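Visitor: For reference, the chains in residue letters:
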Amino acid sequence: MARRQINPNRMELLRLKKQLVTARRGHKLLKDKRDELMRQFLDKIKVNQQLRLRVEKLLAAANREMILARAVMQPAVLETALLTGRESLTLGIDSQNIMSVHVPLFDATFESSGMSENLPYGLATVGGELDQAISALMEAFPVMIELAEVEKTAQLLADEIEKTRRRVNSLEYILIPELMENIRSITMKMDENERGNLTRLMKVKDMIVEQAIQEARRRDQAAAAQEPAGV
Amino acid sequence: MYQVGVIGDRDSVIGFKALGMTVREAESGEKAAELIRQMASDKFAVIYITEPLAEENQTLIQVLRQQPLPAIVPIPSITGSTGLGMRQVKESVRKAVGIDLFDSAESSADE
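Sequence lines, in order, name chains A and B.
When we follow this note's numbering, the leftmost residue of the first sequence carries the number 1, and every step to the right adds one.
When we follow this note's numbering, the leftmost residue of the second sequence carries the number 1, and every step to the right adds one.
It is worth saying that the hints were derived from the structure and are not from the lab.
Please read these numbers as outputs of a predicted model, since none were measured by experiment.
Careful, some of the hints might be misleading.
If we take Cβ atoms under 7 Å as the criterion, some of the chain B residues that face chain A in the derived model are [as the list claims (entries may be wrong)]:
id, residue
1, TYR2
2, PRO68
3, ILE75
Using N, Cα and C, we set each Cβ at its ideal position, and we do this for glycine too.
Next comes chain B alone, as it looks inside the complex (with noise of 0.2 Å):
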């Protein structure tokens, strides 16, 4: 059986502990990235990380982005979403079609 870990600042992420998730606190990019290696290499599924500490962390992240596990998922954290998991859905279409759809979508729309 797998587990789901967060990662953030203590207050973003100190209520998920009561869903029973892994709750690993971070204050900073580096030791957040030890806890993804570390949860990369344990039995994690998804690791949730708030958006500030996984825009520290994009090199990392996008080398795991590779591997079919552990999902990493940006959340917003407690002062709000800064747009990064936005973002990133629009890379995974960038990366996919060879332009921003959704922009492209949205200006074609009107013609």
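So here's chain A without its partners, still in its complex pose (with noise of 0.2 Å):
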């Protein structure tokens, strides 16, 4: 299955030699390699999924609120309450690195403290069901930023560790396979070149003897009959 064609000599069976060395380690550090992602991304992925499922639950609560909010509230009057400013909320990025993966860590702040008891609206023209509904959001909120970064992490894991197992496999199964078939193809080939180059010396010399033997004979041949004549 040599898919190209390859010369036949020493230099290029070391060469592939070299290249079949490099393959397998290669090949032994990405498999150590998927298998560490693996490990990591199965803790992962459980946390995510349970953090889903928290997230699910909390915001269908406050979802449930939130609506119980609107029907007892005036459409604008929910609507100024809420556009009136809260100080914007930023998040401190950080990176982690899981097996030259960088997958980002988040830390939520908010920019003046007091997140905690202050609504941000006044207390005034806003009904009580409004302040359980964001109460209910600010229980949802830390759970949400933890999912985004789980989730996160577990996405570029899992695209890792395809990634890594489609170079494992391409190894394993491509790469290795030729090189090997190829250094199998130049020693057979090296072989068979020595055979016959070992049969032709043979070859050789047994016709150099025959020569020989002939020459011999035809000497032996011409004394012979010089003998007669000279007696």
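Put the two chains together into one complex, using the hints given.
Guide: Structure (structure tokens):
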């Protein structure tokens, strides 16, 4: 299955053998990487699943409260209550390196403190239902940030695992067998050349010996012919 | 410093304003796509998007999935969860393991 023409010589053979050693080592390393990534991933994905369930439950509860709040309040009042400024939320980003996959770590901070207790609107015009809704959302919020972090990590790991697995497979099932096949065909070709050379040498030697024998015979005959004439 | 964005229909996302997140309303998939692109190129670390809108923008989300930031997280809208978020988790598992681990774990649990 040698797909391309290879020159059956020693230099090529050495080159291929070196390549095979490198490929084997790369294969082993990548396999180890894949296994470790997989271990990390399985930890994360379990957490991810649990967090997602929790967020969905918390948000469903918050949404129920919100529906209630909207039902009892004038839409315009609600709008203005929510529009009036809350200090904007910012995220601190750190990154973590898992097997050379860079994953983000989120750290939520509010620019001015006092996130809890303080609702971002005046209490005079707004009913208690909205308070409930907002506090439900506040409860959901840290879990949501955690979910974002874990889910992103799991996704990045999954992509990396897929990539690594492809590399491992292509080394294992394509590159390494191909190299071995090429090495085999070169060795066989060289053995064949060697045998051909040997038989050729033997043949040549036979011919030389044959010539020598005939030469000797001719000389003997000539001597035999000359002898009686001389006596 | 990075910001947190929320994209969704008005009813689903209005409450997040009170938490200081940047809320953008989108009624259609195209509008949401535009907002996602805008936020992704801006300094947004996390974008929460309601599941129905996420569903319409799967290809865009798949592209952004490979970048470290932003994290795009589907959340249930006010009409309830469509299960997209969970499906995405399973999709990750399938990608990494090659098979759906959680499904097979359930079926092999009673063996």
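Visitor: Now, for every hint given, state plainly whether the structure supports it.
Guide: A quick look at each hint next to the structure:
no., hint, result
1, TYR2, "holds (4 Å)"
2, PRO68, "holds (5 Å)"
3, ILE75, "holds (6 Å)"
Hint check: no violations occur; every hint is consistent with the structure.
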